[in-house]
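The whole structure should be built from the sequences, with the hints applied where relevant.
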Amino acid sequence: VNTFPHLSSVLTAWLLLAACSVSAAPLTGRVAVDTRLYFRDPAHGAQVRDHAALVVQPRFVHAFGDHYRLTVEPMLRIDSADHRRTLLDAPELNVLYQEEHWHLRTGMHIVHWGATEFVPLIDVINQTDLVAHVDGKTKLGQPMIEFSLLPPIGKLDLYLMPYFRERTFPGRRGRLRPEPLIDMRHPLYESGSPSDTLDLAARFSHSAGPADFGLHIFQGRGRDPLLVPSDLIPEVAREPAPDAPVMLVPFYEDIRQIGLDLQWAGGRWLWKLEALRREGFADSFFAATGGFEYALPYPLARSEIGILLEYAYDERGKTAASTSIFDNDVFLGLRVEPQDLRGARVLAGWMSDLDGAEHLLSIEASRRMGENTQLTLETWVLLFSRDSLLHDIRRDDFIRLQWTRFF
Amino acid sequence: LNSTLEWMTLCACLAATLHADPADTSPLERGRTIAETARNRHAGFGDSSARLRMTLRNRRGQTSERTLRLYALEQEGDRVLSLHLFDTPGDVRGTVLLTHARPGGGEQWIYLPAAGRVTRIAARSRNASFMGSEFAYEDLDDPVPADHTYTWLRDETWQGIPCHVIQREAPPGLHSGYSRQEIWLDQEHYLIRCATYYDRRGALLKTLTMNRYQLFQDRFWRAQEMRMENHQTGSITQLDWSDLEFNSGLTPAGFDPRRLPLLQ
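Protein sequence lines, in the order shown, are assigned to chains A and B. Numbering (the working numbering) for the first sequence: 12 to 418. Numbering (the working numbering) for the second sequence: 80 to 343.
These aren't lab readings, by the way, just hints derived from the structure by calculation. Do not rely on the hints blindly, as some may be mistaken.
Said to hold, decoys possible - If you anchor each label on the Cβ, the simulated ranges turn out as follows:
(1) B/Asn290 to A/Leu412: 36 to 46 Å
(2) A/Ala74 to B/Asn290: 29 to 39 Å
(3) A/Leu386 to B/Ser105: 56 to 66 Å
Claimed, not checked - Calculated lysine to aspartate or glutamate pairs in the DMTMM-like style (CA-CA distance at most 20 Å, straight line):
(4) A/Lys166 to B/Asp335
(5) A/Lys148 to A/Asp408
(6) A/Lys166 to B/Glu186
(7) A/Lys329 to A/Asp398
Computed from a predicted model, the values in this text were never measured in an experiment. Backbone N, C-alpha and C fix where the C-beta goes; we use that ideal spot for every residue, glycine too.
Given below as C-alpha cells:
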C-alpha cells in the first residue's frame, strides 16, 4: 500500500477522535465505485484489461468557537488490479484559525490557483495524484502552514511546506503507463530527501471590477519529475544494484517559479490565462496557457451552452528535459448544461497538438440518479502518432463509469 | 420612530392612492406609482438571511429537492450583495454563488468545492433557469422600476383580496425572456400575490403565486411560499422559505470573493 509515512496512524487517531467525541457532528462525504474499461488489449505485458476502484472519502468539519475550525477529510482508494492505485491520503486534515483580516491554517490542505479549463499549469503547491486521473487535476494533500492576510486591497498568502510528496504513477499491472516501469522506490532528488526540504511560496491576488488576478512565486522542490532511464544514471547514484532491470527513475529538481493567473469577464466572454517562468536543473523556460469561454446568448431548450477555446505553449517543446506534453496545443470544448431535474452536464473536449503528434477526444457527462447518487460517464479516445512521447499509452483509450453516493 | 415611519408610509400610500386617481392620471403613471410604492416598501431591509427549500416537479411527477442558505446585503445606489450556499443534493454541496448586483449588471463568482477554486461566471442569459427550476434569474431580481415600463390595467379581487393589476414590460436592452408580465398587488400592502409571464411570442408561459405572507420587524412582508408553474411544460417549482432574519449585522466583508473558500 502506497501510504504517506506515519499518515495512516495519524489518520486513524484523528478518525477515532472525530467519531467518538462529537456525536452530532456534521459528517458528510462520498463513496464511489470507479470502473475503467479499456477499448483495446494492453500494449505491455502484465497490464490488465480493465480495473475498478472503491473510493471512500468522509469529511468532518467542526468549529471550536468563532475562531478555530478542524477539517478532517481522509481518502481511501482501493484498486482491484494496480497496487500503486491503492492509496490512503488526506486531502484535508488541518486546523484553521481565523481573524477578521487574516487566517492561519496548519496541516494537510489542497490549494488551487489555476484559471484555465484544460491544462493545470501553475498549480505548484500540491503533488499530482496521476493515478487518480490522467488529466492531472486530482491533487494529494500537502502538509503546510498557510498564512493569509486580507488587507483592504488584495490578498497575500504565504506557504511553508516542510515535507515533499512524490507523484503517483501506475504500477506494473496498471494501464496508462510508460514502458519500462517507473521506479517508485528509488526517486532521485537534486538535493535533500523527502523530509529534508522546506518549500516556500507566496501569492498576491486581487479582484477588481471585471478581473481577478494573482501573482505567485515558489521556491523549493518541483512537483513535476523528469523520468530518467536508470541505465543513464551514473552508477554511484544508482540504487539498488547496477544490474537491476532498466526502469524510469523520477528525478525531482529544485526550482524557482514565478507565475500569474488571470480571469476577466466581459459580457458573455470569460477570458483566462496562466503563465509561468521556471528556473531549475535544466535551462529556465516559459510556459503559458489561456483562452476563453463564450456563453451562447440563446439557450437551446433552456440548456446553457458554453464554447471553450484554449491554447497551451511550452518553450521547452518536446525535448527530453520537458515534463509536459502540452507545448503547442489547441483545445476546443463544448459545455452543455440542460438545467434539468437531475443536474445533468456534459463537457466535450478535443485536443490537437499543432505539430501533429497527439490528438485526443474526451467527453465527460454526469447526472444524478437519485437525490444523493450521481453517475459519471467519461471517455478518452487517444490518437497518437508513432513518434509521440505518449506512444506507450496509445492503446489505453478508456471509458470511465463512476457511481458516487454522497452522504 | 416606528409609528412615525408607519404614519409616513400611510400618508405616502394615501397620497399615492389619491394621486393615482384614474380620472387625472394615465395608466402609465399609475402603473409606475404602484410599482415604485411596492419596491420602496420591499427595500430598506439592510441585510437578510434565510433558508430555502426548492422542490422541482416535472410533468411526469418526478421530483427533486435542493436546499440552500441565502444571505443578502443592501448597498448604496441600488446595489445588492448576495450569497447562495448549497447544502443538498450531495453533488452540489458546498457550492457557493456570490453575486455583486448593481443596476444594469454586476459581477458573479462561483466556488466549486470539487475544483477547489473560485471562478468568475460570464454574464449568463437573464432568462436562463436558476438551478434547473422554473424560476429564471430575472425572476429573482428585484427590478428597478425606472428600467421598465409599467401600465395600470385594472383593479380586481384575486382570491378575495382587492388588488391592483399592472403590466410590466422590459426594454429590449435587458434581454428579458418575456414579452410582458401581469402582476397582481394587493391594495393594502402592495404585496405581489400573483403574476403571469408571457413568452416572446405573447403566449402564456408561467404563473407565479406568492403565499403565506409574514411580517418581520413590523416592516417587511415576505412570502414564505412561492410557486411557479410552467404552463407550456407542465413543470412546477415551489420555494419554501424559513428562518428569515433581518438586520443581523452582515458586513460587506462576508461578501468578498477572497473569502469564498472559507465559507461553510
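Hint check:
Evaluation of the 36 to 46 Å hint for B/Asn290 and A/Leu412 yields a pass: the beta carbon distance comes to about 44 Å. Range check, A/Ala74 to B/Asn290: Cβ separation about 36 Å, and the 29 to 39 Å hint holds. Distance hint check: the CB atoms of A/Leu386 and B/Ser105 are about 58 Å apart, consistent with the given range 56 to 66 Å. Between A/Lys166 and B/Asp335, the direct Cα distance comes to roughly 11 Å. Compliance with the 20 Å bound is thereby established for this hinted pair.
Using a Cα cut-off of 20 Å, the hinted pair A/Lys148 and A/Asp408 holds, with the two alpha carbons roughly 18 Å apart. A hinted pair counts as satisfied when its Cα atoms are at most 20 Å apart, and A/Lys166 with B/Glu186 qualifies at roughly 19 Å. A threshold of 20 Å between alpha carbons decides the hint, and for A/Lys329 with A/Asp398 the separation of about 11 Å falls inside it, so the pair holds.
Going down the numbered hints, you'll see the structure goes against none, and every one checks out.
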